[in-house]
Amino acid sequence: MNALKHTWTLTKIRIRLAMRNRAFFFFSLAMPLIFLVGAVVFFGRHTEWVGYILGAMLTTTVMGSFWGLSVQLVTFREQGILRRFRLPPVGAGPMLASSILSNYFMALPVVVIEILVCRWVLHMQSWGNLWAIFVLVTIGSATFSSLGLIVASVTNTMQETQMINNLIWMAFLFLSGATIPLAIFPQWMQRVALFIPAQYLATGLESAATKASTPYEVLEDFLALALGFWVAFEVSRQLFRWEPEAKLPRRAKLWVLAALVPFLLFGTWESVWGTRLNRVNTNYQTLRMTPSGARQSPADK
Amino acid sequence: MGEPIIQVDDLYKSYGAVEAVRGVSFAVAEGEVFGLLGPNGAGKTSCVEILEGLRTPDRGKVRVCGLDPETSGDQFKEKIGAVLQSTALPDKLRVKEAIELFAKFYRKRANTDELLRRFQLDEKRDAFYSHLSGGQKQRLALAMALVNDPEVVFLDEPTAGLDPQVRREIYDIIEELKRGKKTVLLTTHYIEEAERLCDRVAIVDHGRVIAEGTPRELKQKSAGTTRIEVRLARPLSDGMLGRLDGVASSREFEGMYVLHSARPPQTIVALVKQLEAENNELQSLEMFSPSLEDVFIELTGRRLRE
Ligand SMILES: Nc1ncnc2c1ncn2[C@@H]1O[C@H](COP(=O)(O)OP(=O)(O)O)[C@@H](O)[C@H]1O
Ligand SMILES: [Mg+2]
Numbered sequence: 001m002n003a004l005k006h007t008w009t010l011t012k013i014r015i016r017l018a019m020r021n022r023a024f025f026f027f028s029l030a031m032p033l034i035f036l037v038g039a040v041v042f043f044g045r046h047t048e049w050v051g052y053i054l055g056a057m058l059t060t061t062v063m064g065s066f067w068g069l070s071v072q073l074v075t076f077r078e079q080g081i082l083r084r085f086r087l088p089p090v091g092a093g094p095m096l097a098s099s100i101l102s103n104y105f106m107a108l109p110v111v112v113i114e115i116l117v118c119r120w121v122l123h124m125q126s127w128g129n130l131w132a133i134f135v136l137v138t139i140g141s142a143t144f145s146s147l148g149l150i151v152a153s154v155t156n157t158m159q160e161t162q163m164i165n166n167l168i169w170m171a172f173l174f175l176s177g178a179t180i181p182l183a184i185f186p187q188w189m190q191r192v193a194l195f196i197p198a199q200y201l202a203t204g205l206e207s208a209a210t211k212a213s214t215p216y217e218v219l220e221d222f223l224a225l226a227l228g229f230w231v232a233f234e235v236s237r238q239l240f241r242w243e244p245e246a247k248l249p250r251r252a253k254l255w256v257l258a259a260l261v262p263f264l265l266f267g268t269w270e271s272v273w274g275t276r277l278n279r280v281n282t283n284y285q286t287l288r289m290t291p292s293g294a295r296q297s298p299a300d301k
Numbered sequence: 302m303g304e305p306i307i308q309v310d311d312l313y314k315s316y317g318a319v320e321a322v323r324g325v326s327f328a329v330a331e332g333e334v335f336g337l338l339g340p341n342g343a344g345k346t347s348c349v350e351i352l353e354g355l356r357t358p359d360r361g362k363v364r365v366c367g368l369d370p371e372t373s374g375d376q377f378k379e380k381i382g383a384v385l386q387s388t389a390l391p392d393k394l395r396v397k398e399a400i401e402l403f404a405k406f407y408r409k410r411a412n413t414d415e416l417l418r419r420f421q422l423d424e425k426r427d428a429f430y431s432h433l434s435g436g437q438k439q440r441l442a443l444a445m446a447l448v449n450d451p452e453v454v455f456l457d458e459p460t461a462g463l464d465p466q467v468r469r470e471i472y473d474i475i476e477e478l479k480r481g482k483k484t485v486l487l488t489t490h491y492i493e494e495a496e497r498l499c500d501r502v503a504i505v506d507h508g509r510v511i512a513e514g515t516p517r518e519l520k521q522k523s524a525g526t527t528r529i530e531v532r533l534a535r536p537l538s539d540g541m542l543g544r545l546d547g548v549a550s551s552r553e554f555e556g557m558y559v560l561h562s563a564r565p566p567q568t569i570v571a572l573v574k575q576l577e578a579e580n581n582e583l584q585s586l587e588m589f590s591p592s593l594e595d596v597f598i599e600l601t602g603r604r605l606r607e
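Just so you know, the protein sequences line up as chains A and B, in that order. Residue numbering for the first sequence follows my numbering, beginning at 1 and increasing consecutively. Residue numbering for the second sequence follows my numbering, beginning at 302 and increasing consecutively.
Read the hints as simulated data drawn from the structure, not as lab findings. These figures come from a predicted structure and were not determined experimentally. Wrong hints could be hidden among the right ones.
[What the hints assert, rightly or not] The calculated BS3-like cross-link candidates involving lysine-lysine, where the alpha carbons are at most 30 Å apart (straight line), are:
#1 B:Lys438 <-> B:Lys405
#2 B:Lys397 <-> B:Lys483
#3 B:Lys409 <-> A:Lys12
#4 B:Lys522 <-> B:Lys409
#5 B:Lys438 <-> B:Lys479
#6 B:Lys482 <-> B:Lys362
#7 B:Lys380 <-> B:Lys425
#8 B:Lys425 <-> B:Lys483
#9 A:Lys5 <-> B:Lys425
#10 B:Lys483 <-> B:Lys405
#11 B:Lys479 <-> B:Lys405
#12 B:Lys380 <-> B:Lys405
#13 B:Lys362 <-> B:Lys380
#14 A:Lys12 <-> B:Lys482
#15 A:Lys5 <-> B:Lys380
#16 A:Lys5 <-> B:Lys393
#17 B:Lys397 <-> B:Lys380
#18 B:Lys438 <-> A:Lys247
#19 A:Lys12 <-> B:Lys479
#20 A:Lys5 <-> B:Lys574
#21 B:Lys380 <-> A:Lys12
#22 B:Lys574 <-> B:Lys483
#23 B:Lys393 <-> A:Lys12
#24 B:Lys405 <-> A:Lys5
#25 B:Lys482 <-> B:Lys380
#26 B:Lys409 <-> A:Lys5
#27 B:Lys409 <-> B:Lys380
#28 B:Lys409 <-> B:Lys397
#29 B:Lys397 <-> B:Lys479
#30 A:Lys12 <-> B:Lys362
#31 B:Lys393 <-> A:Lys247
#32 B:Lys362 <-> B:Lys479
#33 B:Lys425 <-> A:Lys247
#34 B:Lys405 <-> A:Lys12
#35 B:Lys397 <-> A:Lys247
#36 B:Lys482 <-> B:Lys397
#37 B:Lys397 <-> A:Lys5
[To be verified] Going by beta-carbon spacing under 8 Å, a handful of chain A positions derived as facing chain B:
#38 Arg20
#39 Asn21
#40 Arg84
All residues carry an ideal CB built from backbone N, CA and C; glycine is no exception.
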């Protein structure tokens with residue numbers, strides 16, 4: 001009970017602090033909206049693509065949780081702020097959980113604006129599966145927050161965190177289908193994508209936004225992200241450090257590998273038995289075949 | 302002394318090859334202000350942070366309010382308050398937010414508005430942490446140490462780096478705590494601070510307690526001697542100072558000669574005569590009545606402040 005209360009207390013104050021940080025405000029709130037304006041300019045007349053674009057935009061917004069407040073946590077640790085929080089009865093759990101919740105609550109308004117703009121300004125052909133979008137946004141935000149927390153724990157300085165975050169971020173952006181459609185990649189790259197956490201979020205959200213998948217298929221994306229979240233959160237709790245000079249446990253590398261296990265499992269399963277890549281390719285081809293400007297797309301039936 | 306509220310027995314702590322704490326023992330009674338006095342690197346912070354449950358000792362027994370800080374968890378944390386030596390708050394956190402945030406973590410809470418008034422932070426309540434002066438930051442740290450109305454308060458160098466005026470403000474606050482019968486464990490490398498505030502003092506050097514007692518008891522160890530510090534134009538011949546009239550001991554610290562004398566007037570006359578004979582010149586001369594500084598010099602052969 002106390003842990004929940006402390007988590008909520010910390011969440012509120014950390015959101016407030018994040019809002020007072022200009023760089024943070026820009027990257028997590030302003031930037032997605034700038035992309036949105038870009039989308040309006042480029043896709044304004046291609047309504048059949050809007051659902052697909054929305055999926056991609058939601059994915060990048062939600063993946064932003066990977067940066068979010070986990071980076072704030074590194075600064076807190078480096079500046080000795082975190083150790084002050086060790087004196088009162090607050091554990092690592094509420095500290096970590098508040099990072100996740102804050103990221104989520106800050107992503108939500110952007111998500112809502114993106115959906116509304118797509119539907120009302122860009123004439124998206126349907127609302128998509130809003131329920132599935134909501135669930136995937138929620139679990140996705142938690143998963144990527146937790147992955148960010150792991151990086152925050154294993155790196156020692158802000159520079160290091162940003163370097164490693166950038167590397168992983170590139171993979172998330174470009175190998176997930178969130179920016180470049182997976183379907184135009186060569187076969188082997190598509191297979192690599194099966195092992196990337198971001199791919200499950202991207203595929204899930206694109207299907208949900210275009211209503212291109214059955215609930216069962218979205219469920220698999222959800223399960224991958226949920227399992228990924230659960231393991232990553234546990235790993236981040238194990239690796240959490242309050243003190244700037246605290247050393248990483250020797251088993252840290254093993255813990256980091258453990259966080260990848262869920263995606264290795266799902267990736268392996270998908271590459272042997274799954275139909276995910278077929279689905280992704282078919283959806284994309286269907287969209288391409290639709291004449292530009294057509295109001296009705298096959299994906300929307 | 303009844304059952305001590307802080308009990309430290311044969312404490313050890315190393316960081317790799319650095320032995321920071323080497324067998325420290327002391328006890329603090331309820332309502333007492335106890336000081337750990339020692340130079341930088343003596344091991345004060347290591348001791349205190351073990352008592353706060355922030356560091357793990359290698360060896361030794363520690364009890365605070367009858368609890369083991371390391372294993373007693375929240376029950377222990379509810380009972381203590383602390384000013385840490387190296388810590389900070391987020392730049393963009395407001396004073397009022399900071400104190401209320403920390404108050405919310407405890408079951409027992411002091412009135413935060415009253416704390417802000419008491420620590421003269423009332424008109425700064427909406428200021429960002431980064432806009433506070435050093436003294437204001439430290440007053441906020443002290444106020445935050447009291448948000449849970451703790452039984453024991455740890456103050457790790459609460460006035461280090463502050464200018465004398467601000468330091469005296471903090472002294473007033475600590476004296477108020479003392480009147481309020483709070484148990485306070487204070488670390489410092491300032492002599493006046495220990496002498497003015499502490500009921501009892503343990504002098505710490507190289508991870509060991511080298512003397513312990515009330516400031517008065519400790520000073521009696523160098524009773525009757527006055528410290529004379531002189532600077533000269535040219536270095537002196539070896540051992541000359543020790544042979545002067547009334548001198549009990551003499552040492553050199555980086556060009557400064559420090560004498561302890563039982564009869565200062567005679568010593569000074571003798572010194573001046575000797576200097577004239579050697580064609581040397583007196584650049585400065587200062588006299589100090591006995592203080593904990595002298596105790597430290599006598600015990601270690603070094604000065605406390607460098
Ligand atoms: N976290 C640490 N890692 C390595 N060495 C440390 C650490 N903390 C303190 N030390 C070393 O231990 C010794 C005692 O330090 P400390 O307890 O901070 O003393 P004080 O507070 O009296 O200045 C110093 O030599 C210091 O460099
Ligand atoms: Mg210290």
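Okay, the hints, checked on the actual structure:
no.	hint	verdict
1	B:Lys438 <-> B:Lys405	holds (20 Å)
2	B:Lys397 <-> B:Lys483	holds (24 Å)
3	B:Lys409 <-> A:Lys12	holds (21 Å)
4	B:Lys522 <-> B:Lys409	violated (44 Å)
5	B:Lys438 <-> B:Lys479	holds (21 Å)
6	B:Lys482 <-> B:Lys362	holds (26 Å)
7	B:Lys380 <-> B:Lys425	holds (28 Å)
8	B:Lys425 <-> B:Lys483	holds (26 Å)
9	A:Lys5 <-> B:Lys425	holds (28 Å)
10	B:Lys483 <-> B:Lys405	holds (22 Å)
11	B:Lys479 <-> B:Lys405	holds (26 Å)
12	B:Lys380 <-> B:Lys405	holds (15 Å)
13	B:Lys362 <-> B:Lys380	holds (19 Å)
14	A:Lys12 <-> B:Lys482	violated (36 Å)
15	A:Lys5 <-> B:Lys380	holds (20 Å)
16	A:Lys5 <-> B:Lys393	holds (23 Å)
17	B:Lys397 <-> B:Lys380	holds (22 Å)
18	B:Lys438 <-> A:Lys247	holds (29 Å)
19	A:Lys12 <-> B:Lys479	violated (36 Å)
20	A:Lys5 <-> B:Lys574	violated (76 Å)
21	B:Lys380 <-> A:Lys12	holds (26 Å)
22	B:Lys574 <-> B:Lys483	violated (54 Å)
23	B:Lys393 <-> A:Lys12	holds (14 Å)
24	B:Lys405 <-> A:Lys5	holds (9 Å)
25	B:Lys482 <-> B:Lys380	holds (15 Å)
26	B:Lys409 <-> A:Lys5	holds (15 Å)
27	B:Lys409 <-> B:Lys380	holds (9 Å)
28	B:Lys409 <-> B:Lys397	holds (18 Å)
29	B:Lys397 <-> B:Lys479	holds (25 Å)
30	A:Lys12 <-> B:Lys362	violated (40 Å)
31	B:Lys393 <-> A:Lys247	holds (28 Å)
32	B:Lys362 <-> B:Lys479	holds (27 Å)
33	B:Lys425 <-> A:Lys247	violated (38 Å)
34	B:Lys405 <-> A:Lys12	holds (12 Å)
35	B:Lys397 <-> A:Lys247	violated (34 Å)
36	B:Lys482 <-> B:Lys397	holds (26 Å)
37	B:Lys397 <-> A:Lys5	holds (19 Å)
38	Arg20	holds (4 Å)
39	Asn21	holds (7 Å)
40	Arg84	holds (5 Å)
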